[in-house]
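Protein chains: 2
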Amino acid sequence: MTAALDDIAPEAIPQVHRIESTDIETAEPMVAEMLHSVYPHEQVYGEYCTLHGYVDCPPRQLYDYLAHIRSLEEWTYSLRGLTVTDTPGLWQGYDRLGADTEVYARVEANPDAMTVDYHCAWDQGAHLWMIYLMRVVDAQAVLDRPGSVVLWTNCRHPFYDRNPFPAAAPAARDGWVGDYWDIFYPGHLLEMHNLKAIAEYRHSHGLPVTPEWVRGA
Amino acid sequence: MTAALDDIAPEAIPQVHRIESTDIETAEPMVAEMLHSVYPHEQVYGEYCTLHGYVDCPPRQLYDYLAHIRSLEEWTYSLRGLTVTDTPGLWQGYDRLGADTEVYARVEANPDAMTVDYHCAWDQGAHLWMIYLMRVVDAQAVLDRPGSVVLWTNCRHPFYDRNPFPAAAPAARDGWVGDYWDIFYPGHLLEMHNLKAIAEYRHSHGLPVTPEWVRGA
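Line by line, the protein sequences give chains A and B.
If you're matching positions, the first sequence starts at 1 in the numbering used here and goes up one per residue.
If you're matching positions, the second sequence starts at 1 in the numbering used here and goes up one per residue.
Certain hints may be false.
Pairwise CB distance ranges (calculated) [stated by the list, open to error]:
#1 A:A32 to B:P14: 41 to 47 angstroms
#2 B:V38 to A:S21: 32 to 38 angstroms
#3 A:A99 to B:E42: 39 to 45 angstroms
#4 A:A167 to B:V38: 35 to 41 angstroms
#5 B:T26 to A:H127: 43 to 49 angstroms
#6 A:E25 to B:S21: 56 to 62 angstroms
Quick partial rundown of chain B residues pointing at chain A, CB under 7 angstroms, derived from the structure [claimed, not checked]:
#7 D7
#8 H17
#9 V31
#10 L51
#11 H52
#12 V107
#13 N110
#14 P111
#15 T115
#16 N163
#17 L207
These stretches of chain A come out as covered by chain B in the derived footprint (C-beta under 8 angstroms, 3 or more residues) [to be verified]:
#18 7-17
#19 47-56
#20 128-135
Please keep in mind that the hints were generated in silico from the structure rather than gathered at the bench.
Glycine residues also receive a C-beta, built at the ideal position from the N, C-alpha and C atoms.
Produce the complete structure using the sequences and hints provided.
Right under this line is the structure:
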């Protein structure tokens, strides 16, 4: 086997379109058919919800801020009061969107790829299934300008549709985090704007992007 | 300074909305205003183009495949004939979409974050400004099912709108890679389907997801 797809008979994967088998004249209408002037909300944000943002702040500084989990208390709308737990790396706080709602969270950050993943859950810390996948990219490389591009993706885990741990929910609360899935795009956009405003203010005023209280603990 | 945003006067960042200053009743209509039943192509894919795909193939194997740059010769529509150059890590091949069009490319992959970035350019290898940002995510974690989620983002670098090295273009070619930006979404979707079909076929048939010829060289 010395060349592309030598191990697969072409008729076994008819849905594969490569220039050798599907010439440009054939591919063009296929591509045109997938192109639309508008796309429904459900198609764009139904199963995955990705936001992109430009932030006029050096990427390493923005990454460092995000990688400190307490930054969430600043730029998110309602996640507050994070304190360490007895489990290394696991924090406990509150989502003030829900009455008496505890949030558990840990961060997995990679300084080389500048990925920052927040693994979270409402009510319990044993299974952190709400995963916020973020990445900081050097805008000089991808947009030819100083600053950062922030990518932020959530995937629609089935637990958004059914609370897997109903016994852990506080009695006073009648909602569930998954009730908000349909407004994740605008809700996260509001938070992306928070992140942008806070980081840009600090960077442009010579303040540390990551304040001591976020770094400390 | 011991608490959130202690270093910034609230009136300096009026665009920041947090539950303390913008209560839920006030935030709800703001969020509702950003929510639409349809979104124009330009808003969704104008400056950034992100695709998401589910692939029924273990994430480590899919990452390994993508991290080998010659996999591009299989799942892309028209990138072919990659060979090593005298510059370590830099490959040279052809984009058969354009007449006599050379492509230069290198891959930056991070096995811990499972990011795979292809840094590419048409015609010259000195400035690789076309950056394909990909990431493989464990679908068990984010979707509660085996397999992989693939995230793929391109950012609209200004060179898409104007060829920065016109002298390097072959005489026979009248187009430019940026002419395709408006069809990146459907074009990349076709390629995402290729990737899915190839990886799923190999995984389900017990074949190595990364064949020897892709791994070798």
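Now for the hints, and whether the structure bears them out:
Judged by the Cβ atoms, the range 41 to 47 angstroms given for A32 (chain A) and P14 (chain B) holds: they are separated by roughly 44 angstroms. For the hinted restraint 32 to 38 angstroms between V38 (chain B) and S21 (chain A), the CB-CB distance of approximately 34 angstroms keeps it satisfied. Separation of A99 (chain A) from E42 (chain B) is about 40 angstroms and conforms to the stated range, judged on CB atoms against 39 to 45 angstroms. Checked against the hint of 35 to 41 angstroms, the pair A167 (chain A) and V38 (chain B) passes, with Cβ atoms roughly 40 angstroms apart.
Taking the beta carbon of each, T26 (chain B) and H127 (chain A) are about 33 angstroms apart, not inside 43 to 49 angstroms as hinted. The hinted window of 56 to 62 angstroms between E25 (chain A) and S21 (chain B) holds, with their beta carbons roughly 58 angstroms apart. For the restraint placing D7 (chain B) at the interface with chain A, the shortest Cβ-Cβ distance is roughly 6 angstroms, inside the 7 angstroms limit, so the hint holds. Checking H17 (chain B) against chain A by beta carbon gives a least distance of about 6 angstroms; that is within 7 angstroms, so the hint holds.
Given hint, V31 (chain B) at the interface with chain A, holds; its Cβ is 4 angstroms from that chain's nearest Cβ, closer than 7 angstroms. Hint status for L51 (chain B) relative to chain A: violated, with the closest Cβ pair at about 9 angstroms, above 7 angstroms. For H52 (chain B), the suggested interface contact is upheld, since its CB lies about 4 angstroms from the closest CB of chain A, less than 7 angstroms. Checking V107 (chain B) against chain A: minimum C-beta separation of about 13 angstroms lies over 7 angstroms; hint violated.
Evaluation of the N110 (chain B) hint against chain A yields a held restraint, the C-beta minimum of about 4 angstroms falling below 7 angstroms. At about 10 angstroms, the closest approach between the beta carbon of P111 (chain B) and any beta carbon in chain A exceeds 7 angstroms, and the interface hint on this residue is violated. Interface restraint check for T115 (chain B): the shortest CB-CB distance to chain A comes to about 4 angstroms, inside 7 angstroms, so the restraint holds. At a threshold of 7 angstroms, the smallest CB-CB gap from N163 (chain B) to chain A is about 14 angstroms, leaving the interface hint violated.
Taken as an interface hint, L207 (chain B) checks out: its beta carbon lies about 6 angstroms from the nearest beta carbon of chain A, inside 7 angstroms. For the region 7-17 of chain A, the proposed coverage by chain B is satisfied: 7 residues have a C-beta within less than 8 angstroms of a C-beta in that chain, meeting the threshold of three. Only when three residues or more bring their CB closer than 8 angstroms to a CB of chain B does the claim for the region 47-56 of chain A stand; here the count is 4, and the claim holds. For the region 128-135 of chain A, the assignment as covered by chain B holds, since 4 residues bring a beta-carbon within under 8 angstroms of that chain's beta-carbons and 3 suffice.
Of the numbered hints listed earlier, those contradicted by the structure are 5, 10, 12, 14, 16.
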